[in-house]
Every structure is written in structure tokens, then in C-alpha cells.
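Chains as they are written, first to last, in my numbering: chain A, 27 to 125; chain B, 308 to 392; chain C, 4 to 748.
Don't read these hints as lab results, they were simulated from the structure. All C-beta atoms in this analysis are idealised placements derived from N, C-alpha and C, irrespective of residue type, glycine included. There could be a bad hint or two in this list.
[Claimed, not checked] Residues from chain A that face chain C, not an exhaustive set, calculated with beta carbons under 7 Å:
| # | residue |
| --- | --- |
| 1 | 29 |
| 2 | 31 |
| 3 | 56 |
| 4 | 57 |
| 5 | 58 |
| 6 | 61 |
| 7 | 62 |
| 8 | 65 |
| 9 | 69 |
| 10 | 118 |
[Claimed, not checked] Derived contacts from chain A toward chain C, CB cut-off under 8 Å, selection only:
| # | residue |
| --- | --- |
| 11 | 32 |
| 12 | 64 |
| 13 | 115 |
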Amino acid sequence: MTSPLATILGSLAGTPRTLPELSRSLGSSPQALEGMLQTLYAGGYVQEAVQNQGDCSCSGCSLKSMCRNFGDETPEFHLLRLTERGEKYLNRIAPQPVP
Amino acid sequence: MIGFMGDVTLDTLKPGAAAHVVALDARHPLRRRLLELGFIRGARVEVMRFAPLGDPVHLRLGRTDLALRAADLHGVTVRAVQGGV
Amino acid sequence: MTASPPPSPRLPTAPRVDEVACAATVARLRAHREPRVLVVGNPNTGKSTLINAVAGTHLKVGNWSGVTVEKREAHLKRGEQTIHLLDLPGAYSLSPHTPEELITRTALLDEAPDVLLNVVDAGNLERNLYLTLQLLEFRVPLTIALNLVDEARNKGLEVDAGALSAQLGVPVVETVGVKSLGTAGLLDATLSGAQVGAVLRYPDAIEAAAAELEGRMVNLSTLPPHAHRYLALSLLEGDPSLRGRLSATGHTDLLDAADAHRAALELAGLDPLIEIAEARYARAGEIARLAVPQAELKLTLTEKLDKLALHPWLGIPIFLALVLTVFRLTFTVAAPFVDLIGGPLQDVASGWAAGLLGWAPLLKDIVVGAIIPGVGTVLSFLPTLLVLYLAMSFLEDSGYMARAAFLADRSMRGLGLDGRAFIPLILGFGCNVPAVYATRTLERKSDRVLVSMILPFMSCSARLPVYVIFSAALFPHAGAWIVWSMYVLGMAVAFAFAWVLRKTSLPAEGSGVLLELPPYRFPAWKVMWTHAARRTASFAKRARTTVLATVAVVWVLLSIPAVSGQAFGEVAPAQSLFGRVSQAISPVFAPLGFGNWQATGALVPGFIAKEVVVGTLGQIYLGEEAKRAAPLGFAQGVEQTALATWNAVKTSVQALPTLIALPSFGADSSAEQKTPLAAALARAFTPAAGLAYLVFVLLYTPCVATIGAMQAEHGRRVAWLTVAYEMGIAWVAGLIVYQIARHFL
Chain A
27 MTSPLATILG
37 SLAGTPRTLP
47 ELSRSLGSSP
57 QALEGMLQTL
67 YAGGYVQEAV
77 QNQGDCSCSG
87 CSLKSMCRNF
97 GDETPEFHLL
107 RLTERGEKYL
117 NRIAPQPVP
Chain B
308 MIGFMGDVTL
318 DTLKPGAAAH
328 VVALDARHPL
338 RRRLLELGFI
348 RGARVEVMRF
358 APLGDPVHLR
368 LGRTDLALRA
378 ADLHGVTVRA
388 VQGGV
Chain C
4 MTASPPPSPR
14 LPTAPRVDEV
24 ACAATVARLR
34 AHREPRVLVV
44 GNPNTGKSTL
54 INAVAGTHLK
64 VGNWSGVTVE
74 KREAHLKRGE
84 QTIHLLDLPG
94 AYSLSPHTPE
104 ELITRTALLD
114 EAPDVLLNVV
124 DAGNLERNLY
134 LTLQLLEFRV
144 PLTIALNLVD
154 EARNKGLEVD
164 AGALSAQLGV
174 PVVETVGVKS
184 LGTAGLLDAT
194 LSGAQVGAVL
204 RYPDAIEAAA
214 AELEGRMVNL
224 STLPPHAHRY
234 LALSLLEGDP
244 SLRGRLSATG
254 HTDLLDAADA
264 HRAALELAGL
274 DPLIEIAEAR
284 YARAGEIARL
294 AVPQAELKLT
304 LTEKLDKLAL
314 HPWLGIPIFL
324 ALVLTVFRLT
334 FTVAAPFVDL
344 IGGPLQDVAS
354 GWAAGLLGWA
364 PLLKDIVVGA
374 IIPGVGTVLS
384 FLPTLLVLYL
394 AMSFLEDSGY
404 MARAAFLADR
414 SMRGLGLDGR
424 AFIPLILGFG
434 CNVPAVYATR
444 TLERKSDRVL
454 VSMILPFMSC
464 SARLPVYVIF
474 SAALFPHAGA
484 WIVWSMYVLG
494 MAVAFAFAWV
504 LRKTSLPAEG
514 SGVLLELPPY
524 RFPAWKVMWT
534 HAARRTASFA
544 KRARTTVLAT
554 VAVVWVLLSI
564 PAVSGQAFGE
574 VAPAQSLFGR
584 VSQAISPVFA
594 PLGFGNWQAT
604 GALVPGFIAK
614 EVVVGTLGQI
624 YLGEEAKRAA
634 PLGFAQGVEQ
644 TALATWNAVK
654 TSVQALPTLI
664 ALPSFGADSS
674 AEQKTPLAAA
684 LARAFTPAAG
694 LAYLVFVLLY
704 TPCVATIGAM
714 QAEHGRRVAW
724 LTVAYEMGIA
734 WVAGLIVYQI
744 ARHFL
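Can you build the whole structure from these sequences, using the hints too?
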């Protein structure tokens, strides 16, 4: 990863992901990613995909006993997605389309 | 830069070859997903191997491994890394 | 582990930046009577413990003014010199998000540090180095205490202190604070070897702007010179707390200049915040990779494993062998415990219940004759499922599942599907219900419907008990083969059905397939255990609820007499309502070899949940016998339980080595002793009929929960069409298997 922040933004484009998912697909430790996500969060590039509303949690889901995400330790960020600013940034560094 | 002589589509590379991404077809069905994974201009991509039945193709992009079908590689223009083939 | 003595700090080989300033600082440091050492580090790096080890009883603990954050400092005598040591609160970065980080940043600006001691967690280098790179922007000599090296080693991470030192251009001392290892030399290294480290270069536009801002600061005596570069960069990053501080101290010109730079950079398409952070993270990652070669090793390991797992010829055989190994594992390791629960433990439970409930004959009947054999038989498969779930968890978490999708992609293409569709299908081996929901990951609707419709042919774990008990009864020496062939048959039927669906009603659409191949990793035992235990617990819960209810209903139906002159609960099963209805249906299955009413009857409640088939078989075949269970004394029961448990553990452990001998598939511990139900089934079924029965159970219908999931995802029509199709397919397949097998078995 020569540009880790851009790679994270790329991984979040179109698909909101959780920290463990990012960690798995990028092959970086969650600890290392957490700081980067905090930077992107502070810069307004990512936001929580689902606003935490108390009742929106795994506890109400009938499939939680089968779910891989339930019960894992993801205290800070749940589901992250790009903000408009993040999308714009990503579009800027994207390769030129073939005319 | 597009149309440079050394530019080829990604499906023409053999296992072991490496190249830099030059362009991505605007109508590529996976355009978005490929951007997500870091198919950005200048990114280095390496062909690792073909699957047992010849397709899909195992690629390494930076430090990420992924697989694409040869048909989907056609829309990606790359420039071979010097001495990389 | 053996603690090796810490190496003496290695001097860096990287080129010194700004030699003149460095020399001046060192000179100043030497002349200074009381050097001030600021200790900085991320939270949880063992910093406090390390400082305790260094400062000992000299440590004074107070509070930072105005906040409840602990302030720890010490005055240490070293020869004639007094050293002032100040331990700053834990901080991940100097762009402050927390009060602790703000205190740390303020102290770095205001406390006139002579040297910095940066405590770094060796086990988490990449994250810790971000702060280190920020600290290096201060023109203050820095030394790194590479702490927790023992814990890192336990995690398999060996940090190369020499490489780290060379990359950063500062001394690195390995320490283990808890054991005071390396702490003796730490202060010496910090004070004598201290030097300003290598400076990180940012993109040119950023560097130019920073240089211009630094130039302005030279004329401002109010800003500490050691912090000029840091301040310039922070202003470009747009750090709000720093802006507040500078505007309060009247540096509005500087702020305006910084804003102008930011605006210009933004206009040029550069966000300084991201560009600066990007450069630091990239550098931190690069240094971490150079200093922790194992991280690279993991990649090379992935490469090596992929050479095998994705090999042009070996890849697919390896996949099949892995799946077979999983099923053999469930047999050899779990089977003795299955026998234990289904046999001795059930006997003991029946004995106790018979003793306790002697006063209430009807209650005794339902407990001893229905609940214990029915629910008990289902529960006895918990060990099998636990092993299966553990193995599947391992395959998922290790990254192998994604490889399976890669291998399968080309073959799935014939069905207009891609490799990703293979994953819900494999998940279906665990339970069809979450697998139906997993089809959501497929992009096209026709793919989702198609995969959901063929999913029920993937043999879920609830069907496993049926195979296990029948193969123990009828094919004691080929159990693993029977089970394996059921799974393969299920897949074959699934693919054939999918092909027909594609040709008739669900044509393929669209293109574009992308699979991710994450690096392999060894799954954490705890995580695997949690996943497997949770799934097993959900099976056990079904045994308490769905299965218990169904068993009770079947008991009632079995107790209602269908002939006159018999009382409720006194009727022989064949003459009960359940028996009579089953007898009426059973001719349908005569061509399939199992036209007896018991076998037919067990299929009906299997609609609720497939594992109920064994439960009901247990009730029908063992209920009569179990009702007559002799009361058992408490002590006697405990003794029997203990003895049987010990035997099961022994058998299971003894069976383990047979796993390694790959070619011998006959290993089956339950071959010698059959549980009572297996013995009853051996008398009631011919091998060919048993085989046909298994095929029918494999294919005949999704359970109610799966039907519900399909209805929720794709509507009522798809769900019930699937049920209808599958009934027909199961009957035909059972017929073919029986008519062929009866000539050979």
C-alpha cells in the first residue's frame, strides 16, 4: 500500500464496510487502520453509514447467531462509508476513462 | 498518453508479468469496484496465475490479491513495467 | 520464554539531516545542567510501567492543571547531573482528538524539551510510528524505547531494532518494562546518543508552503524554534485547536498566510490534511514492513500456499480432499461422543426420569417415551455439529473459502454464475437459512433466485445426523464415504437443476466478476470457538424449541388410538393415529424400498426441521422400549455416566491418528457398538432401502425456516415452486438409487 488512505477510500467506494472487513480485504492490522480511519473521519472523508440510533444493533437480528460480525470487538466504527468529499477525492485520483 | 506504443490490455499479459495501470474503460462493468480496490492510474498490477481451467486470472494490485475474468481484463489498459516481462 | 539481554543501542546509518542544527543541539544538551526528557507514546504501550522501572521511587504523581489527567514526573540524579523526566499522557497523534493528546501536544510546545523518549509498542509498530514521525518533525533529539518486545515475540513478531534505527535515524533501545529489561541503559542512550532523526519529505507543493510558513516564524520570537516545522505542517493540516491557540496569542498574520496556502493547495487539487497524513501512513507502513520482516513472510507464505491451493492440476483435488477431511473429522473425533449421548447418557436420563416420575404414568410416558429419545437423539449430534462448525469456521477465517470461489468460477460459468455463488452454496452445508440470505451478495436478481432455489440440495448440517445414524446402522465400515457421497450427490443434483432452470426460466444476464483473495491467516482459536459455539448453541436451542414441540405433537399423535377399544397412551404405535396416517402414505414409497410406516412417518415432521427425522425415528423405534426403562439410582447413574464419558474420550483420542492415514476411509469408531437406534434401523432397513431413504431425506424439501427465508427474499411463488420441484426430484432420485442399489447391496 503506497497510498494507504486512498486505498481505504477506494475500498469504501460503493460498499460501506466495517473495520474488520477493511482489515481483512486490505491485509492490514485493525490497529493500524484505526488511526487512518480517524484521520479520514476528521477530514470529513468518511462517515458512519448507519447512524447509531440505539435500537439499530445486532441484538434485534434473528440471524445473529449465524452472523460473523456479531459480538466481534468493533467499538469505535461500525459501518463506514464515503462522504461526498471522499467521493470527490477518489474521482480525482481515478484513472482517466478511455474516450 | 493514451495510445502509447507499449500500452496493451491487461488480458494479454502472461503469468509473472507486471504493468502499470494506464486507463480504465468508461463502460467497464466493474469500473467502480476496480477503483475501490485501487485500480488507480499508475498502480502496479501483476499477473500471478490463471485458474485451473484457464480463467479467471489471479492478479496482485499493490498488496491486494484479486481475481478477474479475462473478459473483464480487456477493458483495462496497462503499460508493461520495464524489464518486468 | 527466555529473556535475552537487550542489545546495546545501534547507531543509525541513515544520513544526518541538518548536521549543523544537530550539533548545536547536542552541544546545548551537554552544557545544560538539567536536561528535560519528555516521554511520549501511544496509549497501552507500557509507558507507565517503563517509567516506573526507570524512575523508581523518584516518581511524583500529580495532575495536569485544570484536568484530571495524571501528571507524572521525576528528578533523577545521574552522577552530578539532575535529569528532569516528564511522562506525557498517551497519544496516538499530535493532531489532538482527546484531552490527553492536547496535553501532550501543549507540553511538546511549551515545556522546552531537550530530548524526547518515544515509547513504542513493538507488537503494533505501524500504528505507533505515526506518532513517531510527527515527533521527528520537532527539531529535538529523539530516542526510541522499543517496548513490549516479549509480547511481540509471543505474537510471532520480531522487530529488527537495527533496521528501525537506520530508517528513522535515531537510536532504538529494546525494552521490557515489566521485567526492567533494557531500562538501565535507556537513560544513557536517551541522553548521550540522542540525535535529531530523519525528516519525512512531503509532496513538493506542501514542502514549499511549509517552508514559507517556517520562514515567517523565524521572525516571531514567540514561537519555540524547535517546533517551527511541526507548527507549519499542523497549520497546513488545518488543526483547529492550534488555530485557536495561535489566534488567542495574536498570530493572525500567520493564520492568514496558512489559510492562503491551504486555499491554493485545495485549488491545485491537494488536500493538505490528506496529503500529509497519507505520506506519514505510507512511511509508517514502509518502515514497519522493513523492520518486521515477518509481515512480508506472511505474504510470501500466502504466495506459497496459493501455489498449492490454486495449482492448475492440484487445486481442485486439494479442495475435494479438504472437504472429505472435514467429514472424516466429524466422524472420527465426534462419533464417540455421539454414541455417548445417544446411548449411555440417554439410558441414565431415562432411568432417573423413570425413578422420579413413577407416580405419574402419563407424564413418565411422555418424558421417557418421547422427549428423552426424541430430543436426546437430536442432542446427541451436538458434538458432530461442533466439529463441523469448527472446521467450516477454520476454512472461512483462514481465507481458503475465497480460493474455493476462484477455483469454482470457471465451472460455475456454465450455469451463468460466478465463483462467488459458490460461497452461499458451501455455507449451505452449515445451514440453508443464512445461506439463502448470503445470496444477497450476488449482484443480479436471476442469480440470487437461481442459487436460492438450488441451495436446499446442499446438504445442511441438520441432515448429517440422519446420514450418521443410518451409516452406523447399515454401512458401519464406510460411514465417511456414505456421508461424502451424499454431499456430492446433493451438489450434482443442485448443478443439474440449476442448468435446467437456466435453460428454461432464469436465463443468465450481465457480466463482470471480481473475487478478492485475502492473505491467508491462522484463525484465532477464540474467534473460531466463538463462531462454532454460537452456531452449535443455536442448534441446541432448536432442539429445545422446534424439535421438542414437534416431538410432543408426534407423541400425542402416536398416543391417540386409531382402533376402537384402546385407551389414550396405551396403543401400539402401528395402531395409533400417527401410525395409521403413515401407513396410508407409505405405499408411495414402496418403489423406493422404504414403504414401512415408521420410515414414512418420520419424514413428515422432518418438514419442520430435518434433524427431527432422527428424533421421530428414535421415538418410534425406541419409545416402546424406553417406556419400559427401569428406574435407576442416582449414584449408579453417576457411575455409569463417568465410565461411559471416559470411554468416549479415549476412543476419540485414539481415533485421531487414523486421520493422518489419508487413504484409509474406513476409520469409524462406532462400527463395533451400535446405539440402540442404529441397531433398530439395521433390523428395519435393507442397505439399499437405507441408501434410498438417505437420498430422499437429502433432497425432499427445504425445512420450514429455509422456506421462510426464501419467501422473504424472493416471494411466495419461488419458495413453494422450490418445494414442489424438490419433492418430485427426491422421489425420482430415491427410486433410481433403490432400483440400482438393490442389485448390488
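Here is what the structure says about each hint:
1. 29: With Cβ-Cβ at 6 Å, under 7 Å, it holds.
2. 31: At about 5 Å, which falls below the 7 Å cut-off, the nearest Cβ of chain C leaves the hint on residue 31/A intact, so it holds.
3. 56: Cβ of residue 56/A sits 9 Å from chain C, so the hint is violated.
4. 57: holds (5 Å)
5. 58: holds (4 Å)
6. 61: With Cβ-Cβ at 5 Å, under 7 Å, it holds.
7. 62: This hint holds: residue 62/A lies near chain C, its Cβ roughly 6 Å from the closest one there, short of 7 Å.
8. 65: holds (4 Å)
9. 69: Hint on residue 69/A: holds, closest Cβ of chain C at ~5 Å, below 7 Å.
10. 118: holds (6 Å)
11. 32: At 7 Å from the nearest chain C Cβ, residue 32/A passes the 8 Å test, so the hint holds.
12. 64: Where the cut-off is 8 Å and the nearest Cβ of chain C is about 7 Å from residue 64/A, the hint holds.
13. 115: holds (7 Å)
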